[in-house]
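S.K.: For reference, the chains in residue letters:
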Amino acid sequence: GENVEQHPSTLSVQEGDSAVIKCTYSDSASNYFPWYKQELGKRPQLIIDIRSNVGEKKDQRIAVTLNKTAKHFSLHITETQPEDSAVYFCAASGTGGFKTIFGAGTRLFVKA
Amino acid sequence: GAVVSQHPSWVICKSGTSVKIECRSLDFQATTMFWYRQFPKQSLMLMATSNEGSKATYEQGVEKDKFLINHASLTLSTLTVTSAHPEDSSFYICSAPPGTKHNEQFFGPGTRLTVL
Chain L
1 GENVEQHPST
11 LSVQEGDSAV
21 IKCTYSDSAS
31 NYFPWYKQEL
41 GKRPQLIIDI
51 RSNVGEKKDQ
61 RIAVTLNKTA
71 KHFSLHITET
81 QPEDSAVYFC
91 AASGTGGFKT
101 IFGAGTRLFV
111 KA
Chain U
1 GAVVSQHPSW
11 VICKSGTSVK
21 IECRSLDFQA
31 TTMFWYRQFP
41 KQSLMLMATS
51 NEGSKATYEQ
61 GVEKDKFLIN
71 HASLTLSTLT
81 VTSAHPEDSS
91 FYICSAPPGT
101 KHNEQFFGPG
111 TRLTVL
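These protein sequences, in sequence, are chains L and U.
Residue 54 in the working numbering sits at position 54 of the first sequence, and the numbers go up by one each step.
Residue 16 in the working numbering sits at position 16 of the second sequence, and the numbers go up by one each step.
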C-alpha cells in the first residue's frame with residue numbers, strides 16, 4: 001500500500017524567513033497530493049493541493065512542487081508569520097477509491 | 001464548500017462500554033467515507049473505508065470486530081468502538097470526497113474519545 005514519508009518532523013524559522021517541508025510517496029499510482037494545516041484539536045485544513053499532471057502550483061505565500069519521477073513533493077511557505085505556526089501534513093491519494101494516506105507531520109514554529 | 005459533521009464532538013465513557021460516532025455529509029452524497037484515528041502529537045492513521053451498501057474495508061492491523069462501521073445511507077456512516085479500553089482514547093475523524101471524480105476530502109470536526 002501507499003506510504004508517505006515527511007521531513008522534517010520539527011521546523012523552527014524566524015518570522016519572514018521561508019519554510020520548506022518535503023515528502024516522498026511510494027505508490028506510483030498516486031495522483032493527488034494535498035497539504036493540510038492542523039491546529040490543536042481541530043480538523044485538518046486544506047491549504048494547497050497539486051495533481052500529478054502539474055509540476056508546480058502557487059497560492060500567495062504558499063507553493064507546492066511535485067517531481068513524479070522521484071516521487072517527491074514539497075511545500076514552500078515564504079515570508080512566514082507567527083500565525084503560520086501549526087502542524088502541517090502532506091498526503092497522497094490515488095484512484096483506488098480516493099484513499100488518502102498522511103505523512104507523519106511537521107511541527108512548524110515561526111518565531112517573532 | 002461541502003460540509004461534513006460528526007457527533008458527538010467529545011465523549012467520555014467507562015472501560016468496557018461501546019461508543020457510537022456518527023459522520024454525516026450535510027450537502028452532498030457520499031458513497032465512500034473514511035475513518036481516521038489520531039493519537040496526541042501523531043498523524044492521522046487511516047482505519048477503514050466505509051462503503052455505502054457494502055462492507056467496510058479495514059486497514060491492516062485494525063480489528064474489524066472492535067471498530068464496527070455501518071454506512072447506513074448516502075449521507076451517514078457510523079463508527080462503533082466496542083468494549084472500549086483506555087488505549088482506544090483518541091481523536092477520531094471522518095472524511096468524505098464530495099464526488100466520484102475528485103480525490104479532495106472534506107473532513108469532519110473530529111470526536112475526542114476518552115475511555116476511563
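In short, the hints are calculated from the structure, not lab data.
The structure presented is a predicted model; accordingly, all values stated were derived computationally and were not measured.
Some hints could be false.
Unchecked claim - The calculated label-pair distances, taken between Cβ atoms and stated as ranges, are:
#, chain 1, residue 1, chain 2, residue 2, range
1, L, S18, U, H7, 39 to 47 angstroms
2, U, N70, L, G16, 44 to 52 angstroms
3, U, T31, L, L46, 28 to 36 angstroms
4, L, A29, U, N51, 18 to 26 angstroms
5, U, L26, L, A104, 45 to 53 angstroms
6, L, T78, U, H7, 33 to 41 angstroms
7, U, E87, L, K58, 37 to 45 angstroms
8, U, N70, L, G41, 22 to 30 angstroms
9, U, S15, L, D17, 46 to 54 angstroms
10, U, P86, L, P82, 17 to 25 angstroms
11, U, T17, L, P82, 36 to 44 angstroms
12, U, S15, L, K58, 28 to 36 angstroms
13, L, V54, U, T17, 30 to 38 angstroms
14, L, S12, U, F28, 14 to 22 angstroms
What the hints assert, rightly or not - Straight line, CA to CA, 20 angstroms or less: simulated SDA-like cross-link-like pairs of lysine to any residue:
#, chain 1, residue 1, chain 2, residue 2
15, L, K42, U, E104
16, U, K66, U, V3
17, L, K37, U, V115
18, L, K58, U, E104
Every residue gets a Cβ at the ideal spot worked out from N, C-alpha and C, and that includes glycine.
S.K.: Each hint: holds or not?
M.R.: Tested hints:
no. : hint                               : verdict
1   : L:S18 - U:H7: 39 to 47 angstroms   : 41 angstroms, holds
2   : U:N70 - L:G16: 44 to 52 angstroms  : 50 angstroms, holds
3   : U:T31 - L:L46: 28 to 36 angstroms  : 21 angstroms, violated
4   : L:A29 - U:N51: 18 to 26 angstroms  : 20 angstroms, holds
5   : U:L26 - L:A104: 45 to 53 angstroms : 31 angstroms, violated
6   : L:T78 - U:H7: 33 to 41 angstroms   : 39 angstroms, holds
7   : U:E87 - L:K58: 37 to 45 angstroms  : 43 angstroms, holds
8   : U:N70 - L:G41: 22 to 30 angstroms  : 27 angstroms, holds
9   : U:S15 - L:D17: 46 to 54 angstroms  : 47 angstroms, holds
10  : U:P86 - L:P82: 17 to 25 angstroms  : 36 angstroms, violated
11  : U:T17 - L:P82: 36 to 44 angstroms  : 42 angstroms, holds
12  : U:S15 - L:K58: 28 to 36 angstroms  : 50 angstroms, violated
13  : L:V54 - U:T17: 30 to 38 angstroms  : 48 angstroms, violated
14  : L:S12 - U:F28: 14 to 22 angstroms  : 40 angstroms, violated
15  : L:K42 - U:E104                     : 18 angstroms, holds
16  : U:K66 - U:V3                       : 28 angstroms, violated
17  : L:K37 - U:V115                     : 27 angstroms, violated
18  : L:K58 - U:E104                     : 18 angstroms, holds
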